Each structure stands twice: as structure tokens, then as C-alpha cells.
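A.B. asks: Residue-level listing of the chains:
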Amino acid sequence: MTDLTLLGIADAGRLLARGEITSIALTESFLKRIEAVDSKISSYITVTADLARNAAHQADREIKGGARRGPMHGIPVALKDIYETAGVKTTGHSHFKKDYVPAIDAETVRRLKDAGAVILGKLGTHEFANGAMTPDQPFPAVRNPWNVKYQPGGSSSGSGAAVAAQLCMGAMGSDTGGSIRNPAGFCGTAGIKPTYGLLSRCGIFPLSFSLDTAGPLAWTTEDCALMLDVLAGHDPNDQGSARTTKVDYGAAAQRPIKGLRIALARNWYEDKDAVTLEMKKGVDEAVRVLKDLGATVDDVVFPDVWDYHICGRVIITIEAHAIHRQEVIETPEKFGYTTRRRFQLGAFLTAEQYISALRFRRQLTLDTRAAMRGYDLVMCANHWGAPETFEEPQPIFHFLGKPSLTMPFNVTGQPAATVCCGFSSDGYPLSFQLAGRAFDEASVVAAGAAYERATPWRAHRPKL
Amino acid sequence: MSSPKAPTLEEFRTRAALSGLTLTPEDVEHLHKGYVGLLAMMQRIPTHWAWAAEPPQVFRADK
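Just so you know, the sequences run in chain order A and B.
Residues in the first sequence are numbered from 0 upward in steps of one, following numbering that gives the first Met the number 0.
Residues in the second sequence are numbered from 0 upward in steps of one, following numbering that gives the first Met the number 0.
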């Protein structure tokens with residue numbers, strides 16, 4: 000048998016269903032690898048080995064007894080440490096919560112457990128998912144498995160690093176301005192920020208109520224789709240939760256994409272000097288592959304990416320301040336250096352500025368919809384190029400530099416996936432985004448999975 | 000936006016003193032830089048809106 004940690008969720012699910020492998024064998028393989036290599040990248044804050052073994056044994060008993068629950072049954076996954084887990088520490092990578100043990104699971108965690116998934120543990124993040132890693136936090140910073148000198152992207156940094164390093168088969172992240180798609184891009188995994196409202200946020204530490212989105216990262220888009228199948232659904236305890244029709248995302252991942260119409264938002268990244276030549280070439284080559292698969296891809300001009308960037312940034316700054324205001328006033332020293340300042344900044348913005356940003360959001364959403372008329376998907380680069388190193392001084396207000404290429408789809412609420420499209424000459428992953436209309440994750444998944452099947456990139460893994 | 004003029008560090012200190020936050024002098028300097036930078040970018044946000052341009056989170060009495 001090959002190394003079980005190299006299997007994807009879809010393949011492992013089929014082998015489990017046929018009785019060719021067991022969940023406990025899978026789980027032990029991952030626990031052994033975590034023990035052997037995680038000290039190099041610090042992706043886990045807490046490993047729940049005993050709970051995982053119990054869940055794996057139960058899965059094996061049920062599958063053997065003919066009670067297989069579905070493709071996630073017996074599959075080892077892990078959670079960004081802002082997902083509340085009953086009886087297991089949920090730290091938010093922060094001094095504030097370093098000993099916090101919730102009584103109940105987040106709704107998404109409950110759904111994963113109901114589907115029979117095996118939870119391996121809790122993964123490192125940026126403090127309260129704020130988007131910056133600083134050294135003055137209670138757990139080590141997560142490192143990029145492609146090169147440990149480099150940042151893995153964030154804030155779902157542990158989720159991206161652990162999936163890429165074969166330390167879990169899938170992981171939950173959250174995305175407010177790009178926090179699933181950045182680590183997915185920098186770590187070379189797949190990741191999906193679903194439509195705002197598709198997945199419950201109940202039991203997940205908030206950063207910005209009107210932008211926060213929960214979602215999966217896995218090695219392939221198809222695997223993310225299988226996770227979405229068990230995660231999506233209305234939750235009356237989440238005010239942002241939508242009532243939607245049940246969709247089979249796993250089936251959508253097998254759909255041909257002939258005739259799919261894709262709008263390439265080239266003006267978002269090619270008009271700026273910041274994007275690397277290799278990233279541009281990677282996206283151009285991905286366009287060629289998608290055309291060969293039968294899709295049409297046209298350049299379409301969208302609103303300036305800076306507009307989405309500043310709109311989302313004002314909303315995040317104000318909402319994050321409102322959420323953390325009490326702690327920022329009473330015990331500011333307990334926050335990390337950068338987190339504290341980011342959460343303080345919202346105190347200086349006015350109600351009028353917030354309302355203007357919300358109105359701007361509505362305008363941008365309508366303008367994006369108009370630009371997409373006649374198209375099923377939007378495509379663009381996922382990020383600008385190489386990850387930052389740990390040695391580089393980290394700016395406190397990173398958003399004053401380059402605009403975020405991921406923010407447009409947080410502002411509009413559309414579903415967006417990150418798809419790896421090769422590697423730079425330095426060995427770092429390149430990737431592009433595919434975004435669909437609201438609640439059309441199926442088209443996103445179909446195009447991402449078709450591209451991955453047609454290209455060799457999923458065969459490359461980092462060496463640790 | 001309605002406040003296009005960036006405050007000087009001195010003006011910002013006065014405002015920071017009224018913010019209710021516990022701030023070190025270093026905090027204030029960093030926050031001033033961040034605020035001025037954000038304000039400059041916020042020039043992109045229109046100042047005048049049609050009456051119909053409601054924000055997306057509209058209160059609904061039936062929810």
C-alpha cells in the first residue's frame with residue numbers, strides 16, 4: 000500500500016467503502032506523520048489523537064456493518080482553531096482564549112462529525128483570524144511547507160500548511176478578506192470560500208459579521224466539494240445563513256465544462272506592477288487549458304480592484320473593532336502587537352464612513368453582476384507572487400500596500416475557489432481564482448476540478 | 000467621504016485621547032499612519048448617494 004497520507008478524500012472514501020483500507024489505518028498514518036514532521040511547520044496547536052482514534056474505530060465498525068454515512072465517513076480532517084469544539088481547547092491563537100474549552104461544537108463541526116469525519120485536531124491561525132502573524136502570541140507561527148522560511152499566508156495558515164504537508168486530508172478555514180484563498184494559494188492547495196450565507200458561522204470566532212465565511216481547504220477541488228456537501232445548509236442560529244436548495248457538489252466536480260463562459264478580470268492584476276511575470280504566465284496557461292476543455296474565456300473589464308479592497312477593508316476595520324472593543328479597551332496588552340493596532344483603528348472611523356462603505360458594497364455588487372452578464376465565472380490571479388519571508392518586517396497595516404486580489408468576492412459575497420496552476424522557478428505554488436454567481440458553487444467546482452484533472456500539478460507535494 | 004483632510008499627528012493625539020482606548024505613544028503614532036493611509040484610500044468611496052442606495056443590511060421586521 001502507498002503512503003495513505005497521499006490519498007485524497009475522494010479516493011480514500013472509495014477505498015473505505017470497498018473495505019480496502021480502514022479509517023484507523025488512515026488516522027494512524029496521519030497521527031504518525033504529524034508526530035514526525037509538524038514540529039517543522041507548527042501547523043497544529045492541539046492534536047486530539049485519542050478522540051480521533053475513537054472516531055476512526057467507530058467509523059470502521061459502522062462501515063463494516065453496512066452503515067456508511069457518505070464520502071466523509073472515516074476521513075481525517077482538522078479545524079482552524081477558531082472553530083469551537085466541545086471539550087477541546089479553542090484558542091483563536093490568542094492569549095485571550097488559550098485555555099478556553101467550549102461546551103458545544105460549532106455547527107459546521109457538528110455537521111462534519113455527523114458525516115463521520117475524524118477530527119485530528121486544531122490548527123494555527125492568525126490571532127482571531129485578523130490576517131497577520133506576530134511572534135508575541137502563545138503558539139508558534141505556522142510555516143510554509145514548501146519552504147519553512149516563508150509565510151504560509153493566512154489567516155487560515157495552519158489549514159493551508161497542514162493540507163499541503165499531508166497532515167490532514169481536509170481542513171476548515173474561514174475567509175473574511177481572503178483567509179482561505181491566501182493560504183491555499185501560498186501552500187498550493189485547493190480552497191473554496193463559499194457564497195456568504197451558505198455555511199453556518201455559528202460557533203466560529205467572528206472577525207467581521209457581514210463578511211465572515213466558513214469554508215474548506217483540501218488537496219483537490221473535488222475534495223473541497225465533498226466537504227461542502229456535508230457542510231452546506233441553513234442554520235437558524237446564524238443570522239447570515241441562507242435557505243438554499245440542496246446541491247450535489249461532488250457530482251458537480253465531475254461535470255464537463257464545455258460551453259462554460261468565463262470572464263477574465265485581467266485588469267485586476269495586469270494593470271498593476273505588483274504581479275510577478277511567472278504568476279501572469281501561470282494564469283495565461285490556465286486560460287489555455289480551460290479553453291482546450293471547451294470553455295470560452297474573454298477579457299472583461301471589472302471595477303478597479305482598489306475599490307473592492309478599500310470597501311472591504313473599511314467594513315472589516317469597523318466590525319472587528321466593534322467585536323473586540325471591550326478587550327481592546329480593558330486589556331490591550333493581551334493582544335499581539337499587530338492585532339491590537341488593527342482592532343484599535345476602527346475606533347477612529349465614523350458611522351457615516353461605515354454606511355458609505357456598505358452603500359459602496361452594494362454598488363460594487365451590482366456593477367460586478369453587470370460585468371458578469373453573459374458569463375458563468377470570473378477568473379483572475381489568486382495573489383501577486385512569492386510569499387513573504389519571516390525575516391521581512393511585517394507591516395502593521397498591510398492593506399496600505401497592494402490591493403487584495405481576493406477581496407472582490409468577499410465584498411460581493413460570491414463563491415470563489417483557489418486552484419493551483421503550477422510552480423515558480425523558486426518552487427512556490429502559483430494559483431488562480433474562479434468565482435461564480437451567488438450560490439453557484441457547482442460551476443466553480445466543475446471548472447476547478449476539470450482543470451486539475453487536465454494538469455499535472457496535483458502530483459507535486461512539498462518535501463519536509 | 001466627508002472628512003478628506005488628514006489630521007496631523009497632534010490633532011490625532013487629541014482625538015485618540017477621547018477614543019476611550021488605552022494607547023501608548025507608539026500606538027498613537029502607528030494608528031495615525033494607519034488612519035491617514037486608510038483615509039487616503041477612502042477617497043475612492045463616493046460621497047453622494049441616491050436616496051435608493053440603501054446599504055445591503057436592511058432591517059426587516061419579519062426576520
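Any given hint might turn out to be false.
Stated by the list, open to error - Once the Cα atoms are required to be at most 30 Å apart in a straight line, the calculated DSBU-like pairs of lysine-lysine come out as:
hint	chain 1	residue 1	chain 2	residue 2
1	A	K63	A	K279
2	A	K96	A	K148
3	A	K462	A	K280
4	B	K4	A	K462
5	A	K39	A	K245
6	A	K333	A	K97
7	B	K4	A	K279
8	A	K279	A	K290
9	A	K280	A	K148
10	A	K148	B	K32
11	B	K32	A	K333
12	A	K39	A	K148
Claimed, not checked - Just so you have them, the derived chain B footprint on chain A, three or more residues with Cβ under 8 Å:
hint	region
13	18-24
14	77-84
15	133-146
16	326-335
Please keep in mind that the hints were generated in silico from the structure rather than gathered at the bench.
Quantities reported herein were computed from a predicted structural model and do not represent experimental measurements.
Glycine is no exception: its CB is placed at the ideal position from the N, C-alpha and C atoms.
A.B. asks: Are the hints correct? Go through all of them and say.
C.D. replies: Hints, one by one, checked against the model:
Annotation: proposed proximity of K63(A) to K279(A) is violated, straight-line Cα distance about 49 Å (limit 30 Å). Annotation: proposed proximity of K96(A) to K148(A) holds, straight-line Cα distance about 28 Å (limit 30 Å). Proximity of K462(A) to K280(A) is assessed by CA-CA distance (about 25 Å); at most 30 Å being required, the pair is judged to hold. For the hint linking K4(B) to K462(A), the alpha-carbon distance of about 52 Å lies beyond 30 Å, and the restraint is violated.
With a C-alpha separation of about 41 Å, the suggested pair K39(A) and K245(A) falls outside the 30 Å cut-off, and the hint is violated. The hinted pair formed by K333(A) and K97(A) meets the criterion: a straight-line CA distance of about 11 Å does not exceed 30 Å. Proximity of K4(B) to K279(A) is assessed by CA-CA distance (about 38 Å); at most 30 Å being required, the pair is judged violated. Of the pairs offered as hints, the one joining K279(A) and K290(A) holds, with about 17 Å between alpha carbons and a cut-off of 30 Å not exceeded.
Distance check on the hinted pair: K280(A) and K148(A) sit about 25 Å apart at the alpha-carbon level, within 30 Å; holds. Only pairs whose Cα atoms come within 30 Å are accepted, and K148(A) paired with K32(B) is accepted, the gap being roughly 29 Å. Between K32(B) and K333(A) the alpha-carbon distance is near 22 Å, which keeps this suggested pair within the 30 Å criterion. With a CA separation close to 10 Å, the supplied pair K39(A) and K148(A) stays within the 30 Å bound.
Counting residues of the region 18-24 of chain A whose C-beta lies closer than 8 Å to any C-beta of chain B gives 0; at least three are required, and the coverage claim is violated. Counting residues of the region 77-84 of chain A whose beta carbon lies closer than 8 Å to any beta carbon of chain B gives 0, which falls below the threshold of three, so the coverage claim is violated. Counting residues of the region 133-146 of chain A whose CB lies closer than 8 Å to any CB of chain B gives 0, which falls below the minimum of 3, so the coverage claim is violated. Under the rule that three or more residues need a Cβ within less than 8 Å of chain B, the assignment of the region 326-335 of chain A holds, with 3 such residues.
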